[in-house]
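Peer 1: Chains as they are written, first to last, in the working numbering: chain A, 605 to 932; chain B, 170 to 228.
Because the hints were derived from the structure by calculation, they are not lab data. A portion of the hints provided could be inaccurate.
[Unchecked claim] Computed spacing ranges between beta-carbons, pair by pair:
#, chain 1, residue 1, chain 2, residue 2, range
1, B, P198, A, G775, 37 to 43 angstroms
2, A, F718, B, E214, 53 to 59 angstroms
3, B, W175, A, I729, 38 to 44 angstroms
4, B, D177, A, G803, 43 to 49 angstroms
5, A, I688, B, D177, 54 to 60 angstroms
6, A, Q714, B, N205, 40 to 46 angstroms
7, B, K215, A, N826, 57 to 63 angstroms
8, B, S188, A, G919, 32 to 38 angstroms
9, B, E214, A, K920, 16 to 22 angstroms
10, A, Q820, B, W175, 16 to 22 angstroms
11, A, I715, B, D182, 29 to 35 angstroms
12, B, R228, A, K880, 23 to 29 angstroms
13, A, L641, B, G184, 45 to 51 angstroms
14, A, V769, B, T206, 55 to 61 angstroms
If you're wondering where the values come from, they're calculated on a predicted model, not measured in any experiment. All C-beta atoms, glycine included, are put in the ideal place defined by N, C-alpha and C.
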Amino acid sequence: MDSYGVIFINKIKGLGFNGFVSILHLVYALWLVSTALRVLANVHVVPWYVMDIIFISSGILLLIGISSLVMFFNFVKSAQIQRILASSNIVLTLAFFWYLSQILISGESQITVFDKPFNSYGFGIISLIIFTTILAVPNIMAFFSKPIEEKNKRFIAAVVLAFIVSLTSLGVYYTYLGNQREVLLIEEMPGDAGYRLYGLDQNVIDTSSFGPFEYQYFLDSNSGTTGHPITAGAYEAIQFLQGEESGSVLGWWDYELDIKASGKEPVIAYASEEIKWSVGRPSELYDTFESNEKVMDVSRFFTATSEETASDIAGKYGARYVYISRDR
Amino acid sequence: MYMTAWPDFKAGDVGGFQSKAFIKEYYEPSVAYMFNTGAEMEYFEKIFENEDVLIYELR
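This is chain B alone, in the form it adopts within the complex (with noise of 0.2 angstroms):
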């Protein structure tokens, strides 16, 4: 995904995706890290979760 999202990105600078570096710059920071710990957000309203999907709103 940010290979797609940004097309001169790699990876391989930050020691692979699995990285703790990668995981720390660029993942958690990201709107997708979020998302996926089911954090409650500003722009978005979690209306369902369970152990494997989770679906947001937009407010």
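Looking at chain A on its own, in the form it has when it is part of the complex (with noise of 0.2 angstroms):
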């Protein structure tokens, strides 16, 4: 009497190369739905950078899900249809992989390849091709099965809605996640750059990523910047820098978004290529960098041992203030 083990392999052997494209297309779909779906769940609507990375990496996630999902149940039977969505779903894995490509993080974390999406997407180069050679591989396998040619209208009708209805429900998401961030507003700050202060409800607070902090507000701006939680004296200090006179500010690229909101310009605000591997989300994002030598200099004038040494940088770049932070 055979095991199950042996009659589970002869049922997939019987199935040929359809059943087992079929099958994979299964296993696909129900990866990628629910990992896209637990992603979407647990959406913090800040920084607002990171919203976006989510809703357009998960949406292309989900459709690719979606459309495995079809190509499983072979609604359509039609040869022609299957090929054209294994063909979209190699497309958008092109556009994850090219969208993605644009805002690597600097280096690989220790996380998973598949724990990835999990992180705000943060993939490096690696795992990124690691894991779109994952998303691709059914699909390529798709363009050799051949399905049975019993096209039937009614079910071409119920994948394009299924499409709409999954687009229409991130958009309405995205939405409503949009509008609770606006009841989280606190202060527009002054600036062209959209400088915006939130106030972080208990749930972002205990549920974040860096674990449960003490950050009360979230300081976020539609420029090149990464946006990012302050503390309640930090946005005292903000206040505080608004009312002095104006002059550039020394402080580490950290504190741009902070020197900025008050009105104030940072003698840097971004990094510089060369240490670039720095940065958590590198400001690539932007593709923005500040010259090495006024990096290095900013460095120097805090390392340097003596204060004549640090006025004399400070001069150079006409500083007037120095900002230090205590918490970050």
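Hints given; two lone chains; assemble the complex.
Peer 2: In structure tokens:
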């Protein structure tokens, strides 16, 4: 008597190539749809750019997943339509790769390739190549399968409807979260880059990927910045600087947003290309870097052992203020 | 920051950035240390201080 294992293997062998590809599509569909929905269920509304990354990337995975599900059920029963679906999945996979390759994190973290979506799609180039290659496999195989040719127009309409409903739901959810973000808005800061201060609700504080933290606010902007949580003390400092006379401010580039939100100009606002490895999401996101000389000078300002040397460097850049953060 | 200021600097040579040797030899004599501790300085005047942020102005 055959064991269940042997019976299972024989059943898979009996499915043939088409059956195997079909099962593969089911597995991928379940994986991708569940991943996308789980990520979307835990979106934080700030920073805005991470919310956008999550929606665009999850949306693509969701569409590939639904398309894979359609191919598994072979609803349409048309080899031609199957190939069109497989082609569109490959195009979506390439779009996924292209989009995330613009906003790679600077290094591969220890988490697995499959966990990257749960970490704000924080791929490095190697994990992104692996992930998208895995995504493409069943769709490439679908080109070689030949489903039964019995075109059923009703199911074509159902497939189109499924895509429309999915995209519309995503749009509605995105709008809903955007409105939630507006509710959290406390202050719009001066300046033309949309500096906005949000009060963090307890849920964000408790479930942040950084762990529960003491930041009460989130400072965001629609300019080339990554946005970050700030403490009540930092908010107080921003308000203080707003009341001071104009002048540029020396600080590490991490605090450019705090300084700009106070209406002052930071000496450096970004890292240099030479130290982009030290940046979580590189400023490649906006393809903006400071000159390395400037960043080195600011580093030498802080590491100097004499006030005179530091003062000379500050003078070189016409800096009037120095901004020091104790909490980050 | 030290590695940016001095590309050849190797914190490992003094036991890493958290080591007592690094703190004693490099951090404590630096201007950054004076700022972080809220020290009164000759070239810079402290104009704001709370538990999270310090702001100095060049004299």
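Peer 1: Which hints from the list above does the structure break, by number from lowest to highest?
Peer 2: 1, 3, 6, 7, 10, 12
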